[in-house]
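Chain by chain, the residues:
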Amino acid sequence: DQQVKQNSPSLSVQEGRISILNCDYTNSMFDYFLWYKKYPAEGPTFLISISSIKDKNEDGRFTVFLNKSAKHLSLHIVPSQPGDSAVYFCAASSSNSGYALNFGKGTSLLVTP
Amino acid sequence: GAGVSQTPSNKVTEKGKYVELRCDPISGHTALYWYRQSLGQGPEFLIYFQGTGAADDSGLPNDRFFAVRPEGSVSTLKIQRTERGDSAMYLCASSLLAARSYNEQFFGPGTRLTVL
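Taken in sequence, the protein lines are chains A and B.
Heads up, the first sequence is in this note's numbering, so the first residue is 370 and it goes up one at a time.
Heads up, the second sequence is in this note's numbering, so the first residue is 151 and it goes up one at a time.
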């Protein structure tokens, strides 16, 4: 069963606008959440993370929001740039399982000039 | 410094054959993870090593799959009697330490396995 869900397989955004990628999870034992970015023919690259004790983490143009009561997190990219075009994976982990990552299916983001 | 490397980058084999996939983690990383990514899916956890021992192999799909890390560095994922359903991208990741707090996992480029 899919414990991490990304319900939007694709998203298209104009350059300069905000990109919002969403993720839902079901396992309440998850205590660390991450976003990875993946280009074709490469492994996933870490982008940003958030611990379950926080509700927001910001790093430059990237901000991750966590709503534990709704078991929902989102990634905001502002402003979006064409180089941001990639597949974005949401992942969740638990200290109980050595932080093995549980991934969603990914959202393909296209930022158009 | 060198990142995680995986060899081969591509492997084509016939149904029923045995394959080995190799992962060289970042030097000094004690935790090593194997994931499998099928088309249109996110990576799926297979097994995790802390040092030489497999700390969690709950993600291995069946007993045809086995992984070792004899010296706590390089790891080999072994698949016996391959089936067409084993075709996927196999990803390896390493991190400094996984026991007490999250450490960033660095991924290799993966091995694309195709079983004909």
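Fair warning: there could be bad hints in the mix.
In silico lysine-lysine, BS3-like type, Cα no more than 30 Å apart, as pairs [claimed, not checked]:
| no. | chain 1 | residue 1 | chain 2 | residue 2 |
| --- | --- | --- | --- | --- |
| 1 | A | K474 | B | K228 |
| 2 | B | K161 | A | K474 |
| 3 | B | K165 | A | K474 |
| 4 | A | K374 | A | K437 |
| 5 | A | K474 | A | K374 |
Rather than coming from a laboratory, the hints here were simulated on the basis of the structure.
These figures come from a predicted structure and were not determined experimentally.
>> Can you confirm whether the C-alpha distance between K474(A) and K228(B) stays at or below 30 Å?
In response: holds, 25 Å
>> Between the alpha carbons of K161(B) and K474(A), is the straight-line distance 30 Å or under?
In response: Given pair K161(B), K474(A) holds - Cα atoms ~24 Å apart, limit 30 Å.
>> Please verify whether K165(B) and K474(A) have alpha carbons no more than 30 Å apart.
In response: Given pair K165(B), K474(A) holds - Cα atoms ~27 Å apart, limit 30 Å.
> Does K474(A) pair with K374(A) here, judged by a C-alpha cut-off of 30 Å?
Replying inline: OK: K474(A) and K374(A) at ~7 Å, within 30 Å.
> Regarding the pair K374(A) and K437(A), is the alpha-carbon distance no greater than 30 Å?
Replying inline: holds, 15 Å
No hint from the list above goes unmet by this structure.
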